[in-house]
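Listed below are the residues making up each chain.
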Amino acid sequence: MSSESSVKPAIRAVDLTKQFGDLRAVDDISFDLAASRIYGLLGPNGSGKTTLIRLLTGLAQPSGGHAEVLGVPMPSRANLARIGYMTQSDGIYPALSVWENVRFFAAAYGVRGTDPVRQALDIVQLADRAHSISGTLSGGQRRRLSLACALVHRPPVLFLDEPTVGIDPLLRVQFWGYFRDLAANGTTIVVSSHVMDEADRCDELMFVRSGRVIARGSGDAIREQAGTADLEQAFLRLGESTAANR
Amino acid sequence: MSPLRLGALFRRVVAEIRRDRPSLALLFIAPVLVTGLLTFILREGQAPAVDAVVVNAMGAPGGQIESALRTALEANGGSVREVADEAAASQALRDDQASVAVVLPQPGGGAPTIRVITYGLDLSGDANQLAAVQRALLGTFAGASGVPLPRIEHDTLFGTPSDDPMANFAPAMVGFFTYFFVYLLTGVSFLRERTGGTLERLMATPVTRGEIVIGYTLGFVLFAVLQVAILLGWVLGEVSVPSIGPLPEFSLGLGVATAGSPLLAFLVVLMLALGAVSLGIFLSTFARTELQIIQFIPLVLVPQFLLSGVLFPVSSLPDVIQPFVKIMPLNYAVDGLRQVFVRGADLSVPELQVDLLVLAGVAIFFATIASLTIRRDVA
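These protein sequence lines are chains H and Y, in that order.
In this note's numbering, each residue's number is its place in the first sequence (first place is 1) plus 2.
In this note's numbering, each residue's number is its place in the second sequence (first place is 1) plus 269.
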């Protein structure tokens, strides 16, 4: 599938740049991302994936360029009600119960009632642990809770920063199942990962290196572009050729 | 015991602390600063100058006493002024135009009883004034042979002179401990919010900075309210528990007398606690670990403890420190609590109004700068 679309993009980056002192963490990135698709931001640690997500969510001010989500320039506090963000750390309150954590973030997004909380817990299959204290959960359960907190308000755009890091393969499969269901229901998802074997689960990939998008397309298109069947090799080759051209 | 393992542990501890620059700085600088301040207060603390007004009902002998008193007090930087009657003397005390009033009685048989009236809010400060007047008066009488030594009776404009050391200390203690624990609780909690990733996540929701500060304040003030209620109940209350079996009779509570309304005292401490919550949020910006929150105590809380009349009367602090006293929130809380406990002040008393307004101003100031430290651009 092509990313080009005549309809308004769900997410747009225009010449997006973020400078930290001498380090250019995000370097002049532009793209349009269509709705209801899963985009993978792939790259090694420190390549700028998290900074890019923080710029798109409005958590960081760009040094240059701008970002739009659902047609609204970021940062926009009001627009945050339509965005879900699962941080790299769990970002949950360990002293609160599972239910209390999700209810808290639901309220923070302006969502009333208990049904959305229940539904979010059902999605991540934590309903049976609703009254457990979050600090007592396993690592995988905490990631699931973190995801529930990010999607309790049913956002049309969801940013997931390394959602599957540190979780077992079975749970990883479950997570991708959730993401696929959400996308099928109209959610645009941006997933960052440094695990290449997750790449083929995305509709489209963006390889990020040294703050730049060095390749974009489906997994197959990128393999073809790099002339290799292995995505990890493709990343290395494309990275080398980009470095040589700079 | 393995030297290799011991060496590794030693090097690890040293390397870790060496790289924690703020901790290292505080470890060395804070004790120097605190002991330096304490030494300065103790060495340079002044016997406060006594500005006395004298009511002379004694006639000519009183004039001689007044003159001798003037010589003695002026030698120490004080002053003596005669006023017509006790009402004028009280007014001079109230208007802060005198620190002590000396009432010389009408002549009669035997040793005269001289009344020395002090303000009454800061009993340890008053004790300094009283001692200075006593020394001067006794010196005067000792010089005059054949005159019987007077009895000196201490009275206060507000409250009553008390032998109970807690009467002076309890208001300061209530204020300080509330400030201390609310700051610590908020600072550590908010630091966890910053370092645990929840603040980052919270800032990705439509929640505003103001909502965060006010929400935190409401949450912590609830516990501050409970803490203050328990502390005030403990300090002011006294419940006698009768002897049960082999247990002797005993009483619960400190039984400190208060002239004013406990609810008003509660209000003063509540205003202080509001400021402490925002201070905790603000200072958590500069800490990376819970240890560093604790290390702010010698820099932020100990100076307030030393300069707010908790241990040392404000009037006896060196002149150079006096401007700093005026900017210590705890100073206004301690004064406010003494206004309520000792003076029995209500909301119509201007001094208490000033204390409450300053505490409210401090709370608003720190809430504002605390909210400015919560940015969407968090690390």
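None of these hints come from the bench; they were simulated from the model.
Be aware that a few hints might be false.
What the hints assert, rightly or not - Pair ranges (Cβ atoms, derived):
id : chain 1 : residue 1 : chain 2 : residue 2 : range
1  : Y       : PHE593    : H       : ASP130    : 54 to 62 angstroms
2  : H       : GLY48     : Y       : PHE593    : 41 to 49 angstroms
3  : H       : GLU234    : Y       : PRO291    : 17 to 25 angstroms
4  : H       : GLY48     : Y       : GLY488    : 45 to 53 angstroms
5  : Y       : LEU560    : H       : GLU226    : 50 to 58 angstroms
6  : H       : PRO96     : Y       : MET270    : 15 to 23 angstroms
7  : H       : VAL197    : Y       : GLY484    : 48 to 56 angstroms
8  : Y       : LEU275    : H       : ILE135    : 53 to 61 angstroms
9  : H       : GLY48     : Y       : GLY314    : 34 to 42 angstroms
Cβ atoms here follow ideal geometry from the backbone N, Cα and C, with glycine treated the same way.
_Satisfaction of the hinted span 17 to 25 angstroms by the C-beta atoms belonging to GLU234 (chain H) and PRO291 (chain Y)_ = 41 angstroms, violated
*Is the distance from the Cβ of GLY48 (chain H) to the Cβ of GLY314 (chain Y) consistent with 34 to 42 angstroms?*
With a Cβ separation near 57 angstroms, GLY48 (chain H) and GLY314 (chain Y) fall outside 34 to 42 angstroms, so the hint is violated.
_Quick check: does the Cβ-Cβ distance between GLY48 (chain H) and PHE593 (chain Y) fall within 41 to 49 angstroms?_
46 angstroms, holds
*asked:* 50 to 58 angstroms was suggested as the range; check whether the CB atoms of LEU560 (chain Y) and GLU226 (chain H) agree with it.
replied: This hint holds: roughly 54 angstroms between Cβ atoms.
*asked:* Given a hint of 48 to 56 angstroms, does the C-beta separation of VAL197 (chain H) and GLY484 (chain Y) actually sit inside it?
replied: 37 angstroms, violated
*Per the hint of 15 to 23 angstroms, is the separation of the Cβ atoms of PRO96 (chain H) and MET270 (chain Y) within bounds?*
37 angstroms, violated
_Within 54 to 62 angstroms: is that where the Cβ-Cβ distance between PHE593 (chain Y) and ASP130 (chain H) falls?_
59 angstroms, holds
*So the hint says 45 to 53 angstroms: do the beta-carbon atoms of GLY48 (chain H) and GLY488 (chain Y) match that?*
37 angstroms, violated
*asked:* Quick check: does the Cβ-Cβ distance between LEU275 (chain Y) and ILE135 (chain H) fall within 53 to 61 angstroms?
replied: 39 angstroms, violated
The structure is inconsistent with the numbered hints 3, 4, 6, 7, 8, 9, although it conforms to all the rest.
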